Every structure is written in C-alpha cells, then in structure tokens.
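Residues in the sequence shown are numbered consecutively from 159, following our numbering.
Rather than coming from a laboratory, the hints here were simulated on the basis of the structure.
Incorrect hints may have been included.
Stated by the list, open to error - Simulated crosslink set (DSSO-like; lysine-lysine; CA at most 27 Å straight-line):
no.	residue 1	residue 2
1	Lys536	Lys550
2	Lys536	Lys526
3	Lys749	Lys536
What the hints assert, rightly or not - Derived Cβ-Cβ restraints for the label pairs, each shown as a range:
no.	residue 1	residue 2	range
4	Gly206	Asp319	29 to 37 Å
5	Arg215	Asp303	41 to 49 Å
6	Asp370	Pro293	47 to 55 Å
7	Asn559	Ile716	18 to 26 Å
8	Arg284	Asp428	21 to 29 Å
9	Asp311	Ala207	29 to 37 Å
Only a predicted model underlies this, so the values are computations on that prediction, with no experimental measurement involved.
In this text, a Cβ means the ideal position worked out from N, Cα and C, and glycines have one as well.
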Amino acid sequence: MSVFPSSGHGRQVRHRSLFSRVGRVFDAVRGRMMAIILLAAMPIALIGAVQAWHSYRATLEAPGDRTDLTVSRIDLELRHEAEHLSSLLQAVSRMRLDDAGLRHMLELVQSLTGRHYSQIALADDRGNILTAVGPQKGSTPLGMDAMPRFQGDVGLVALTDPLTHVPAYFRITVSTTIYDDVGRPARPGYLTAVMPLSWRSAILQASDPRMDLVQQNGPVEVWVVDSHAHAAVPLCSDCNWSPHPPERIMQWARATLAMGEEHAHITLPDGSFSIGRVQDGVHVLTMTRRNAGERHAVVMFAISLVSSGLLLLMGLLGASKSADVLVITPLRQLTTSVNQWQLGGMYDVRSNWAMPLEVRQLAHAFSKATRKLARHEKRLERAQARQELLLKEMHHRVKNNLQIVASLLNLQAGRIRQPAAREEFAQARDRVRALATLHRYLYADGELYSLNMQSFVRELCGQIMHAIGESDESRITLDIRVDDLLMVPDQAVPLALIVTEAVSNTIKYAFPDRQHGTLEVGLRALSGNRACLWIADNGVGMAAVRNHPGTEEGRSGIGMQLIRGFARQLGGELQMFEENGTRYVLVFPLKQPEQDEMAG
159 MSVFPSSGHG
169 RQVRHRSLFS
179 RVGRVFDAVR
189 GRMMAIILLA
199 AMPIALIGAV
209 QAWHSYRATL
219 EAPGDRTDLT
229 VSRIDLELRH
239 EAEHLSSLLQ
249 AVSRMRLDDA
259 GLRHMLELVQ
269 SLTGRHYSQI
279 ALADDRGNIL
289 TAVGPQKGST
299 PLGMDAMPRF
309 QGDVGLVALT
319 DPLTHVPAYF
329 RITVSTTIYD
339 DVGRPARPGY
349 LTAVMPLSWR
359 SAILQASDPR
369 MDLVQQNGPV
379 EVWVVDSHAH
389 AAVPLCSDCN
399 WSPHPPERIM
409 QWARATLAMG
419 EEHAHITLPD
429 GSFSIGRVQD
439 GVHVLTMTRR
449 NAGERHAVVM
459 FAISLVSSGL
469 LLLMGLLGAS
479 KSADVLVITP
489 LRQLTTSVNQ
499 WQLGGMYDVR
509 SNWAMPLEVR
519 QLAHAFSKAT
529 RKLARHEKRL
539 ERAQARQELL
549 LKEMHHRVKN
559 NLQIVASLLN
569 LQAGRIRQPA
579 AREEFAQARD
589 RVRALATLHR
599 YLYADGELYS
609 LNMQSFVREL
619 CGQIMHAIGE
629 SDESRITLDI
639 RVDDLLMVPD
649 QAVPLALIVT
659 EAVSNTIKYA
669 FPDRQHGTLE
679 VGLRALSGNR
689 ACLWIADNGV
699 GMAAVRNHPG
709 TEEGRSGIGM
719 QLIRGFARQL
729 GGELQMFEEN
739 GTRYVLVFPL
749 KQPEQDEMAG
C-alpha cells in the first residue's frame, strides 16, 4: 500500500520540477520575448499550415477523384455504345424486310461498323437463331433474360468469358417483325447483337472521347472484374496495360464487394484505385497515377514545410539574438551596475543607441537616485562624524567636570575635622571618580555605545585601592577575573558604582588591624544573555565587622543601600554569603548594543 502514495508523490515532484523549469524559462526576458513572438506568429502560421494542408490533401485526393471520374466515364461510354447499337437494331427492325433482306441488312451494319460486334443475328419468337453474321458463329438460343419484355423494350445482358469468368460481352436484343416477300407481316422475331466489352485503341477515331482513357502506358488503367473480384482483365486489349492489378488491390476489391458496397476508392503511394458498378452490374477497377504536376505539388509541399520551419527557427534565433543585444544586455548591464552599487561600488551605466528608450529612462532615473543617495549618505556621514565628535567632547567635558568635583570633594574633606564626616566626603569622592573613569573610557577608546568591562573594572579597582592607600602595599591582594565583555553605558554606570561601593567596604572593613587577605572581583557572561558579577574576600566577615567598635554603620549603612538600589536598577538578583569572608553575587540580564550603533 505504501507504493502508490510514493509513486503519486514522485509524479507530483516531477510535475513541480517541470513547472519550475518552465517557469524559470519564461521568467527571463528572452523566454518571454520568444513566447510573444510565437503567439504573434502562431495565427499566421496556423492559417498557412491549414491552407497548405488542404492543398496537400487535395493533391493527394486528386488521383482518387480521377479514378472515380473514370468509373463514371466508363459507365457513360458503355451506355452510349449500348444505346447506339440498340438504335441501329431498332432502325433495322422498322424496315419491313423478309429473312433474306434482314440478313443482307445485318451484313451491311456489320460492315459499316468495322465488324466491331462479335455477332449480329436474327432470332424467331422462341429465341432460336435463324441467321447470324460476325466472327461469333454460335447458334445458342436467347435466354429469357436477354429477350425484351414488351414492344419497344431493349434487352441487355452481360456475357462472361467461359475461361476467365469475367464479363466480356453485352448482348442487346430488340423486338422486330419478319415480313414475307410481298411486304406483309409474317411472324414476330428478335434482332440481337453481341457487343464486346473491351476496347481497342487501334479502331477508335481521333475524335472519340475514349481516346484520353485508352492510351499506351497512360496514367489510367482499367480492368473488368468478376462479381467476386477473383479475376480481372484489362478493358483495353491493345493499350499495354498490366494484365492483372496488384494482389493487395484485388484483396481490397474482394473485401469491398463482400460488404455490398457498389463504389469505393483507396489512395496508395503508387497510385489511386477505385472500384465501381457500371452497365448491367458489371464491375470495373480503375487505377490512376499521379501526374507530374501532382508530384511536383507534393515535393513543393515538403519543401515549403521544411523551409517554413527553418524560417520560423531562424526568426526565433534572430529575435533571441536581437533581444539579447537590444534588451537583455542593457538590462544585464543595468542590473550589474546596481548590484555593484549595493556592494559599495560605483554606479556607472552609459546610455547608447542599443538601449531601448525605457531602459535609458530607467538608467537615467537610477543615476539620479544614486547621486541623490550618495549626497545624502555624505551628509549623514558628516552628521555622524559631528555627532561622535560632540559625544566625545561631551564625555570629555563630563569627565573633566567630575574630576573637578572629585578634587573639590577631596579638598573639602581635608578641611573637615570629624572622621565620620571626612569619611562620607571620601566615599562621595570615590563615587564621582568612578563615574569620571567611565567617561574617560568612553572618550579615550571611542566606544560611545559599548564599554570593554575587562580593562575598565581592572583600572577602577586599582584606582579605588590607590585612593584608600592600599595600592603600594602587599597587604591586600587584588584578583581580577573579568571576561572580555562589552556592556552598554546604561548598565556600566550602576555596575561601576556597585563595584566601587563593595570594593571600598571590603578594603576598609574586611581586614581590620592590618590583616592580610585577598579581594576577588569577577564578571562573566552566562547563557541566556545574562551576566554574573561577584566580589569576594577572605576577611573577617560581616558579623565580626558589626561587632567591631566604631563600625556599626559599616556595611549596613548607605553603602549597602546603594548596592541594592543599583542592583534593582540593573534588574538583577543580589545575594550575599558569609563563609570564610563575605561574597557578593549579582546575576542580571545583559543588554546587547544595537547593531546600527555597533556599525556606527
């Protein structure tokens, strides 16, 4: 059962592949132009093909039409000859002659007709031959089918050859009255004549219409066949025609007569054949060959067919080449230039005479558009350069101002006598310096939209230790574990303040009484666009700091409030652990710099 769906699916795939290939052909300009040319030439080609086909069919059917016409001509000539003979006999029957006079008149008729008839005889009322003239001397009585049925009627019957069983003669009989020697009617009788069915070209006169049929080796041949088409003899005995038709034609004639058809024709490469019924049920088979004009017409049809196909193919090839030179090549040049322009190259398409008007207009429009876009891009580049310059100048000024503020705070702290107040000023100074360091990085590195946190955190921690006075001593070891991570300024500011607060608190309170220890600061990117900041020490811990005199507000004062507030600003989760020291862990979502900002 699985075979049928797979075969149907294969057919669908093949159909889709065929449609896709056809679609790709007509998707190009060349294919569409050739399709338009074919559609435009198709009506004319169809009209010419139909006319040529009708002419060709008429040429092929012309021999068949001639054979049919030949059968009709033979039937007409046989009727005309039978009517002529019956008229002679009727004329003799009206002469009121006795037996001797009738014989003398029959001999005269035979002599005047060139002894063409096989027999002319006088018979009594019972059909017995009384006297006969002609080559055929037989005295066979007349049959009932040969006798006229009423006065003035003409009896007509076909006689077959005893050897070939093919009709060879016509017997024509008319009624007459035999008179005595004084001119009185003596008894009734019959005048009968046996007319040969075959013709002889030697005895026909030049004006005889049968001369165009009975020609030596002519284009027409005629055979008389029996009622079942088993045998055939030529109609003309001295025309040098073939003694027998081809056997396959005889088989076709037998099949035609067996079906009861009285007329049919067939056209073959060697000629056309027709079989038809003529006088008194006699069947004739005619054959005609193509004449020189018809053979020439067939050859010319083949030549015209081949030449028309070649001309159409040449027209299509010429149209394809013309379309390639006049349309496709200009469009390809235009497309190539546009693609180069999209990749940052120059757009340069020069109009020439080979380009159509529409393509020239399109190229001109693209040229104007690209020039405008180039001017606009240059304006945007200058504006961006000014913007970056302004931003750098702004960060530079902010950094300078923050440094001035930090210096003022430092000077002010030096004038204060109370340690707690001086400590607050120092913490404010450190926060301002952290912001100044951040702006210096933005200004110096040119990273206006992202900040490299590895170098920034390292310098910030060193700056804090230097401000507290621990940079020159080896009492506290600073371990920085920050990845090469980019961060937007909106997140770098609160993160810098968190590091400032946590590192300051750790240096001040985690190692009392000049204890030695390690301070670890780390920043690492996590999966899911997150980051983790941790600040850990191996100091005395928060519980010991709270119990230490004078540090009640140490890690639980404003510093912790700021750390939690900045953690909320980052949208992260802050955790603190007190095992072998204190450890701050902050996991927060990491914002990525915008692509256009990074590209700028």
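| request: Below or equal to 27 Å on CA atoms is what counts here, so check Lys536 against Lys526. | output: Holds, because 15 Å separates the two Cα atoms, which is no more than 27 Å.
| task | Please test the hint of 41 to 49 Å on the beta carbon pair from Arg215 and Asp303. | result | 45 Å, holds
| task | Can you let me know if the beta-carbon spacing of Asp311 and Ala207 is within 29 to 37 Å? | result | 58 Å, violated
| query | Does the Cβ distance between Gly206 and Asp319 fall inside 29 to 37 Å? | reply | Since the Cβ atoms of Gly206 and Asp319 sit about 54 Å apart, the hinted range of 29 to 37 Å is violated.
| Given the hinted pair Lys536 and Lys550, is their alpha-carbon gap at most 27 Å? | 21 Å, holds
| query | How does the Cβ-Cβ distance of Asp370 and Pro293 compare with 47 to 55 Å: does it lie in that range? | reply | This hint is violated: roughly 28 Å between Cβ atoms.
| field | Distance restraint evaluation - Arg284, Asp428, Cβ atoms, bounds 21 to 29 Å | value | Since Arg284 and Asp428 have Cβ atoms about 52 Å apart, the given range 21 to 29 Å is violated.
| query | Honestly, do Asn559 and Ile716 meet the 18 to 26 Å range at C-beta? | reply | 23 Å Cβ-Cβ, so the 18 to 26 Å window holds.
| Agreement of Lys749 and Lys536 with the hint, judged by alpha carbon distance not exceeding 27 Å | 31 Å, violated
Checked against the numbered hints given earlier, the structure breaks hints 3, 4, 6, 8 and 9 and satisfies all the rest.
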